[in-house]
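Visitor: One-letter residues, chain by chain:
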Amino acid sequence: MATAVEDRADNRQSPLSDAVVVRFAGDSGDGMQLTGGQFTLSSALAGNDFATFPDFPAEIRAPQGTLFGVSAFQINFGSSAIETAGDAPDVLVAMNPAALKTNVPQLKPGGLIIADEGEFNDRNLAKAKYDANPLDDGSLAKWQLLKLNISQLTMDAVKPFGLGNKEALRCKNMWTLGLALWMFDRDRQPLIDWLEAKFAKDPNLAAANVAALNAGHAYGETAELAGPLKQHHVDPAPVAPGLYRTLTGAEGIALGLVAGAQLAKLPMFFGGYPITPASAILHHLSRLKEYDVTTFQAEDEIAAICSAIGASYGGSLGVTSSSGPGIALKGEAMGLAIMTELPLVIVNSQRGGPSTGLPTKTEQSDLYQAVYGRNGDAPMPVIAARSPGDAFECAIEACRIAVQYMTPVMLLTDGYIANAAEPWAVPDLTSYEAFPVEFLTEVPEGGFKPYGRDDNLKRPWVKPGTPGLLHRIGGIEKEVDTGHINYAPDNHQAMTDIRKAKVDGVKVPDQVVELGAEGGKLAVVGWGSTFGPIHQAVRRKRAEGKDVSHIHIRHIWPLPANLGELLKSFDKVIVPEMNTGQLKTVLRDQYLVDAKPVNKVSGQPFTIAEIETAIEGALA
Amino acid sequence: MNEMTTIARTTTLKDWETDQEVRWCPGCGDYAILKAVQRTMPEIGTAPENTVFISGIGCSSRFPYYMETYGFHTIHGRAPAFATGLKLANPDLDIWIVTGDGDGLSIGGNHTMHLIRRNLDCQIMLFNNEIYGLTKGQYSPTSRVGTTSPSTPYGSVDRPAQPAAFALGAGARFVARGFDVSKELPNVLKAAHAHKGAAFIEIFQNCIVYNKDVFEDFAAPKGAEDRQLWLKQGEPMLYAKGTKGIALDADELHLKTVDVVDGDWEAAGVIVHDVTNRSVAHMLVEMRFGEFPMALGVLYDDPRPTFEADVVRQNKAASEGKTADLQGLLKKGQTWTVTEGGPEL
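Which chain is which? The protein sequence lines are A and B, in order. Each step along the first sequence adds one to the number in numbering that gives the first Met the number 0, with nothing skipped, and position 581 is 580. Each step along the second sequence adds one to the number in numbering that gives the first Met the number 0, with nothing skipped, and position 242 is 241.
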């Protein structure tokens with residue numbers, strides 16, 4: 000992630016020595032996402048830098064205790080820059096056998112397992128397909144094991160409040176959170192305040208949860224001397240002074256879109272259709288009506304984009320959002336937006352594909368779809384966000400390009416960015432340059448040409464309702480300047496050339512090198528959410544004295560003008576991607592460089608170690 | 000359409016014609032519909048610049064190019080979705096959707112249904128010629144069983160959709176029927192325009208190349224009196240020069256034709272047309288031609304609040320008392336400040 004400011008240069012220290020990775024895993028109904036979220040907040044308040052990785056099943060209420068119903072939340076926090084959710088957990092909290100089974104393989108050797116032995120009964124063991132109780136059979140010997148009957152301890156703690164059995168057990172996650180707070184020397188008060196606010200309508204339930212939290216904390220204090228439980232203190236990370244909040248990618252996109260529309264001085268229209276993991280953007284925006292945002296839940300993905308194009312035609316900033324399968328459905332309408340040259344922002348929160356694929360898992364496999372995935376020669380700018388905070392910046396950039404060039408723009412994010420949270424220094428909006436739109440309102444000198452162009456090759460934007468500028472647009476090939484229907488060979492050639500030249504000419508900043516030299520033995524080129532693991536891996540290898548640089552591309556199309564030369568200044572180029580090599584193909588095609596793919600399509604982000612291995616391999 | 004937004008303007012038919020060459024086949028029913036619309040617009044009294052024609056794909060969907068208004072020729076079946084976004088962006092616009100039986104009921108059936116269900120204020124003109132014209136004559140979702148076409152050389156086997164019944168079933172608050180060369184068409188269009196909300200008009204249209212004269216059985220001038228039932232608000236449902244009428248069979252709960260003797264339609268039990276009677280509207284759209292005359296004119300008209308008005312109202316209510324302070328929004332929720340001394344809430 001991006002808050003650290005003093006850790007840009009090579010760091011000879013092992014960068015993770017002062018960082019801890021904790022994974023909370025339990026049944027879908029155990030409240031692990033909530034526990035993780037609150038632990039994240041306490042990490043922020045402790046001044047740690049952090050990154051999180053929520054990993055939950057596609058099923059809403061998967062059958063209790065099953066392997067596929069496990070929901071996990073991983074957080075990596077530390078006293079120096081944290082850019083990934085961590086490769087392997089140091090601590091695994093397993094609330095049932097299924098959670099243990101699915102998560103323990105990733106735990107570091109010697110790492111700590113905290114297991115709720117109250118849930119390791121025959122029924123749950125069978126559901127997790129354990130023949131014997133792993134807590135007793137020695138199979139966990141390479142880790143430290145702390146067996147606690149969290150269920151019973153929670154029941155005891157909340158007994159005075161007279162809750163039913165089921166309700167009492169639902170406080171388990173707060174007991175666990177209390178223990179985690181003690182383990183990392185955290186202040187409990189903000190969490191107590193939060194609980195009291197959350198359950199304001201039911202003070203008894205609030206008190207029970209607080210009691211569970213306190214009991215978990217107290218357990219840590221008293222149990223310290225015996226067994227593997229130790230208290231750790233992680234110092235605050237050096238972070239620039241300022242105001243911070245946590246930000247998920249979905250929030251970053253939603254806020255960035257609102258900011259972009261405001262900078263363009265336009266009302267925003269958002270047409271969406273429910274799809275995982277993109278729906279969160281629709282949810283956020285639907286609460287922001289006072290910002291001149293109209294949201295519309297359409298009958299399908301096609302109607303969602305078509306309504307957004309209709310709104311853009313009417314003078315709003317049209318935005319639509321989806322994930323891969325929905326983006327596929329929107330393809331024809333994107334072509335119309337390209338043909339009619341109307342501004343539009345299309346957000347794709349990528350997930351595992353093809354088809355329905357892995358709805359809740361992350362992947363970067365829609366790059367071809369974004370750059371090439373339409374009928375005809377249909378060029379469209381494409382931008383990719385690297386983190387939740389960067390998603391805010393990219394959304395503004397997408398809005399800018401859309402209105403300054405009258406073009407649809409695709410903004411790529413992914414399931415990992417959408418759900419992950421990071422600390423975010425709240426930006427000062429006055430530092431952003433506005434790009435107010437000027438509609439054509441009267442016949443210009445030389446007559447009105449609906450497809451006349453300015454220096455950016457942008458055509459005028461005329462709102463229906465404007466007297467004197469009546470005209471018709473549509474998907475049939477346009478005549479140069481007039482926009483009338485025209486099928487003539489020369490005209491189609493000319494219009495195709497113009498559409499290409501317009502997008503090729505979109506001004507994007509020159510590519511910078513994130514880490515390392517411009518030129519050398521090896522460039523690791525990434526895009527999107529692989530930023531964290533690539534950056535950390537390159538930093539570690541540079542600390543070992545290796546000649547390797549990190550280049551991270553935001554503007555996927557058009558590519559930065561200097562990129563070709565930059566890539567050619569390296570002996571070797573590797574491209575880690577969560578796909579089978581899509582950016583790699585584009586780079587080879589555009590620059591004839593021998594970019595080598597490093598691919599992972601498991602639905603999980605790269606680990607730092609995986610990128611390090613790839614770097615070692617390339618330099619060998 | 001929207002009364003608060005009507006920009007009155009005196010225009011003539013010429014003001015609504017573009018300089019574009021009309022490219023329909025000579026003799027196509029679309030010419031008559033285009034003229035009827037261009038003739039009706041001055042009578043409605045709206046301003047061309049405030050009017051938008053939106054279409055999908057197909058012969059009918061070329062319509063916007065020939066209207067001197069704003070126009071958007073979109074993609075196949077999706078005109079209702081574009082119209083929805085446009086109307087929400089600017090509720091003051093007067094929006095006409097032009098579609099066909101393939102565009103509006105096959106590929107775009109879903110959008111037609113949802114536009115009607117939401118009750119977006121607009122006019123939907125569905126040109127029904129029971130055939131795909133622009134793709135050279137395949138059978139359509141309204142083609143009669145047994146239609147031979149390039150894609151059904153042995154005759155189509157699937158049952159046709161009934162546009163007016165579909166619209167009413169989707170929750171339409173205005174359903175009307177007309178046909179291309181009918182003198183009554185402008186009146187139907189005016190009624191549709193006067194209706195605030197989604198106004199659905201099925202216009203039977205003669206495709207002279209691929210489905211010639213398929214509506215001649217009721218549309219032909221000769222004998223039209225006996226085959227057309229023009230519905231008028233508050234008037235008895237009479238046809239055949241008043242010698243026949245439509246009555247309700249109360250035992251079987253369906254409509255029936257009755258003979259009217261000496262003009263005493265009341266004695267014959269003929270129903271008086273009440274455009275707000277939804278039950279009767281359901282029976283009218285289901286009336287099978289042959290056994291019954293073709294029901295034409297305004298079959299149903301009972302407005303209720305429009306989608307865009309409700310959206311605008313909700314947006315306004317949700318914004319009430321709030322300021323659009325984006326900087327404030329960015330720091331909403333749980334924040335902390337990092338100072339030299341470390342973070343604090």
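FYI, nobody ran anything at the bench for these hints, they're computed from the structure. Small disclaimer: the values here were computed from a predicted structure and weren't measured. C-beta atoms are modelled at their ideal positions from N, C-alpha and C, and glycine is treated no differently. Misleading hints may appear alongside valid ones.
Said to hold, decoys possible - Among chain A residues calculated to face chain B with C-beta under 7 Å, some are:
(1) 229
(2) 232
(3) 312
(4) 335
(5) 338
(6) 433
(7) 437
(8) 457
(9) 459
(10) 473
(11) 503
(12) 505
(13) 512
To be verified - As a list, the in silico DSSO-like pairs of lysine-lysine whose alpha-carbon atoms are at most 30 Å apart:
(14) B:330 with A:200
(15) B:34 with A:462
(16) B:135 with A:200
(17) B:135 with B:34
(18) A:197 with B:135
(19) B:315 with A:264
(20) A:448 with B:135
(21) A:141 with A:107
Stated by the list, open to error - Just the calculated beta-carbon pair ranges, DEER-fashion:
(22) B:25 with A:353: 30 to 38 Å
(23) B:25 with A:486: 16 to 24 Å
(24) B:332 with A:62: 29 to 37 Å
(25) A:273 with B:301: 28 to 36 Å
Visitor: Now, for every hint given, state plainly whether the structure supports it.
Guide: Cross-check of the supplied hints:
1. Taken as an interface hint, residue 229 of chain A does not check out: its beta carbon lies about 23 Å from the nearest beta carbon of chain B, beyond 7 Å.
2. At about 13 Å, the closest approach between the beta carbon of residue 232 of chain A and any beta carbon in chain B exceeds 7 Å, and the interface hint on this residue is violated.
3. For residue 312 of chain A, the suggested interface contact is upheld, since its CB lies about 6 Å from the closest CB of chain B, less than 7 Å.
4. Given the 7 Å rule on beta carbons, the hint for residue 335 of chain A holds: about 5 Å separates it from the nearest Cβ of chain B.
5. Look at residue 338 of chain A: its Cβ only gets to about 10 Å from chain B, farther than 7 Å, so that hint breaks.
6. Checking residue 433 of chain A against chain B by beta carbon gives a least distance of about 12 Å; that is not within 7 Å, so the hint is violated.
7. A distance limit of 7 Å between C-beta atoms decides the matter here; for residue 437 of chain A the minimum to chain B is near 17 Å, and the interface restraint is violated.
8. Checking residue 457 of chain A against chain B by beta carbon gives a least distance of about 19 Å; that is not within 7 Å, so the hint is violated.
9. For residue 459 of chain A, the interface hint is violated, since its Cβ never comes within 7 Å of a Cβ in chain B; the closest pair sits about 14 Å apart.
10. For the restraint placing residue 473 of chain A at the interface with chain B, the shortest Cβ-Cβ distance is roughly 3 Å, inside the 7 Å limit, so the hint holds.
11. Interface restraint check for residue 503 of chain A: the shortest CB-CB distance to chain B comes to about 25 Å, outside 7 Å, so the restraint is violated.
12. With a cut of 7 Å, the hint placing residue 505 of chain A at the interface with chain B is violated, because the nearest CB-to-CB distance is about 25 Å.
13. Checking residue 512 of chain A against chain B by beta carbon gives a least distance of about 28 Å; that is not within 7 Å, so the hint is violated.
14. With a CA separation close to 26 Å, the supplied pair residue 330 of chain B and residue 200 of chain A stays within the 30 Å bound.
15. Between residue 34 of chain B and residue 462 of chain A the CA atoms are separated by roughly 26 Å; this keeps the pair inside 30 Å, and the hint holds.
16. Proximity of residue 135 of chain B to residue 200 of chain A is assessed by CA-CA distance (about 66 Å); at most 30 Å being required, the pair is judged violated.
17. At roughly 25 Å between alpha-carbon atoms, residue 135 of chain B and residue 34 of chain B fall within 30 Å of each other, so this suggested pair holds.
18. For a cut-off of 30 Å, the pair hint linking residue 197 of chain A to residue 135 of chain B is broken: about 64 Å separates their Cα positions.
19. Among the hinted pairs, residue 315 of chain B with residue 264 of chain A is consistent with the structure: their alpha-carbon atoms are about 19 Å apart, no more than 30 Å.
20. With a CA separation close to 34 Å, the supplied pair residue 448 of chain A and residue 135 of chain B exceeds the 30 Å bound.
21. Note on residue 141 of chain A and residue 107 of chain A: the hinted pairing holds, with a Cα-Cα distance of about 9 Å set against a maximum of 30 Å.
22. Separation of residue 25 of chain B from residue 353 of chain A is about 48 Å and departs from the stated range, judged on CB atoms against 30 to 38 Å.
23. Remark: the range hint 16 to 24 Å for residue 25 of chain B to residue 486 of chain A is upheld by a beta-carbon distance near 20 Å.
24. Distance hint check: the CB atoms of residue 332 of chain B and residue 62 of chain A are about 34 Å apart, consistent with the given range 29 to 37 Å.
25. The hinted window of 28 to 36 Å between residue 273 of chain A and residue 301 of chain B holds, with their beta carbons roughly 32 Å apart.
Figure legend: structure checked against the earlier numbered hints; hints not met, in rising order: 1, 2, 5, 6, 7, 8, 9, 11, 12, 13, 16, 18, 20, 22.
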